[in-house]
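Take the two lone chains and join them into the complex the hints point to.
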Amino acid sequence: MTENKELICINCPMGCRLNVTIEDGRVTEVTGNTCPRGREYALKEAVDPMRILTSTVKIEGAVHRVLPVISDGEIPLRQMFEAMAEIKKIDVTAPVKEGDIVLHDILGSGVNIIASRTMDRVD
Amino acid sequence: MRHYQAIIIGGGSAGLSAAVTLKDKGIEDILVLEKDREPGGILEQCIHNGFGLQRFKEQLSGPAYAERYIRMAEERNVEIKLNSMVIKLTPDRKVEYVNSEEGDVTVSADCVILAVGCYERSRGAINIYGTRPSGVYTAGQAQKYLNMNGYVVGRKVFILGSGDIGLIMARRMTLEGATVVGVAELMPYSNGLPRNMKQCLEDFNIPLYLSHTVTNIFGKDRLEGIELSEVDDKRNPIKGSEKYFDVDTLLLSVGLIPENHLADEAGIEMDPVTRGPKVDENYMTSIDGIFACGNGLHVHDLVDFVSLQAERAAEGAARYLSEGKSVAGVITLRNGSNVSYTVPKYIHKDAVINTEVFFRASRPMEKASLTVSCGDRLIRKLARRKVMPSEMDRVMIAAKDLKDLDGDIVISMEENA
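Protein chains in written order, with our numbering: chain H, 1 to 123; chain E, 1 to 417.
Incorrect hints may have been included.
Derived pair list, reagent style DSS-like, types lysine-lysine, alpha-carbon separation capped at 30 Å [as the list claims (entries may be wrong)]:
no., chain 1, residue 1, chain 2, residue 2
1, E, LYS198, H, LYS89
2, H, LYS97, E, LYS386
3, E, LYS81, H, LYS58
By construction, these hints were calculated from the structure, which means they are not laboratory data.
The following block holds chain E by itself, in its conformation from the complex (with noise of 0.2 Å):
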């Protein structure tokens, strides 16, 4: 069986960025795992521009974002397996991958890097009433039909959901000659980007149904029409608000869930909120050698992030192959008041780095406190402004102030007059 340092699954922005950076850490025999026919993993479908302000202090599309990661792992020698997909991996980290050249292959490495990416949430998950007729999407699905094999999607839209996929949709279908009549979202307030409410909905006059939610579909063979409620404060359908759109396609852009069956198959300790692994400070999960990043790990709106922490991983991991993993004890990270999750769950008492711990707030606040605690004592207190749970947020925690903490972390947002 060949044996690597390190084998990452997934080539996709994740992916890449570890890559390099295992590379650039002087970790030399490492092995990508791709399961499309291309590196470069979701941005290639994500034609828009924005992405890569934090990183590249430019606004590329997502193709040219991939890009100069492809091109870094190109002039580093990164090995990566195209059209291989990955079907299990075991806790002593054996991968086992086929592909139509190689067969069933496994292999094994010191440590495995899990950038696997996410899926939509569809039709089933949210159990939509109705017929079912051709023309029911994932905004995803129909972004990949339209901007990267070129067909025509619909012609009169509707969209479920206010995440960004559903808002870049909502223009692009509409530029592209569509009439998208709406967009709704199940929650009193939206969960896109500001940015993505204006250029793309205001800026074309679609309007945005809050509080409401998709309650019908008809048609037999294409989509007819969809029927629209609003919701009540529990988020049930109010009998007597019924609209009726005749639409013959209905986006979904109702949430992204991190695609975690090896995980799951290997035993990896999962965290609830995020289904994703729970990592410590390094991104390592509760497997020892195995480590997760990007949005397999936690769902991101920007993939600038998902590069940090791609890297953060890998640093993690090159760390792990030269000195193995901390006997130290583990401080948890627990989710306070109007906090949903943290990324890492985990930091041990003897990090030799400073830990930037991701967050979302579980709701909108105009202004917030943002507190760091241990029982009773207050290591971090930080103002917050316009506060959504659609952007993630960070708080730095110093390695020096872990040494003599007794109990858990406590990560809360209180809201302020």
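With the rest of the complex left out, here is chain H (with noise of 0.2 Å):
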């Protein structure tokens, strides 16, 4: 069976517009894309979409009462929300600095929650 997906690419702020033809579940031809990331993207995402997650976990003694955190590389999307429970979980205590592991291997995905600035301590 074949399929064609029209997607937009979400590498950079050009936004190619990619169109994707999808055989028996497998991709067969990407075009519309400027750049090799674009190919690369247009696999992952008519298959599977992956995602960079970024968040706020709680932070104690610090000037603000979240740190922003980011994921280390792509979360599948379709597990967005259960990564969001166990980002909720987390509560941390400044000093943190900018790449800290907040979260390792979350969900299994062997992707780590990190701090995305950093956070000294306020007494």
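Take a look at the structure:
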């Protein structure tokens, strides 16, 4: 069975419109991309969309009440709400450095949730 | 009165970039005045990724992008006064600021760089009819409450305006467990980047209502609902098209305006379209030695360009400090067809650098020809695809092309079939 999908590349602000041909659940052709990242994106997007996740976690002893965090790799879009439930359980204490891991291997994906900024201790 | 070589007003992405560049150009005696308790500006609340693709070839979060510039400023010993609000700027470059340690202080400088950022259009600015309950926020305000203060902003949300902040907040609120029932856009096309349409709305099946606006707000203490109406091609609501949405929160993402109280008061000449100062190729305003950059100059869609323009403003300021201002004649850049504005607005005929002109199209076009001309003379002609008003474009004008020009330069976009 051949299926055609139209996708918008989310790698950069250009937002290329991609046309993907899928045969028997496998991507056989990608057109409309400007760079190789577009092709790479389409291969995954047509089968199992992946996303970077950003959120916040509670922090004690810092200038703000919450610390922004980011996944250090992509997580399946279908697991976003499960991942959010895990992130909600986290509580950290200042000081925290940008890049510090606040949650290892979220949902067994091999991806870590890391601090996306430094927050010093404020007493 | 303490006198500096340069004072930068604002310690966000523009101010930090300008400070770093000034130091690298050997301008040592500089001061950054920041009203918040930490540097970084609006990036600190923009926790999503996608920043820095041009600059660092990476997809950073807003706070991570800011942190790189904060570190660069620290490495160069840039003096930043926090919690310091500038309340007055005079044409002779005196800057009055207040903070709780020093009180009311006036300092002066050989040059001043405005890096003041922008503010959001609010409910009052767009005159939405109805009651005045709590639960109506600007998107950026809600973003700060959620991402920096850790508050749940609402549970059932409608968003007016498809600008990027509105789209980003639609996803963020959804992930936080809220239900975003829809996003409405007055124009017949989206104002956000295509990637945000995809990953913020489509990913979560959030409906987008194009050519729609909010026409009534209900609720006594807390918002209880809104009325949405379709608009005609003159953007007037169509009677009979009203739909009611039961929501406790309305976010407004209806535009950003450069923050220019200081510039206005100083008598700087303003561009009525960008609502920021008119600047020349060195990013100098109509007042000698006062420069402008960042969202206080014109509202950007990418922070990478904020950093870039702030560096150029700092380079312009450094040139001004060493060589004084140009006395050559100026060429005015005019908005031709389908172009809503250009930055800079003026180029000196003796410009030593090629000038990169930033501009926006006034409507979406599938294919267009971009032309730079002066009278009958065509200076440049370039092809463009997928033109959107929400995406800033740029074109280079070579210094060598300026010498024998007689008249204004016109930048135009013509749609091609």
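Here is how each hint holds up against the structure:
| no. | hint | result |
| --- | --- | --- |
| 1 | E:LYS198 to H:LYS89 | holds (28 Å) |
| 2 | H:LYS97 to E:LYS386 | violated (41 Å) |
| 3 | E:LYS81 to H:LYS58 | holds (28 Å) |
Violated hint: 2 only; the structure is consistent with all others.
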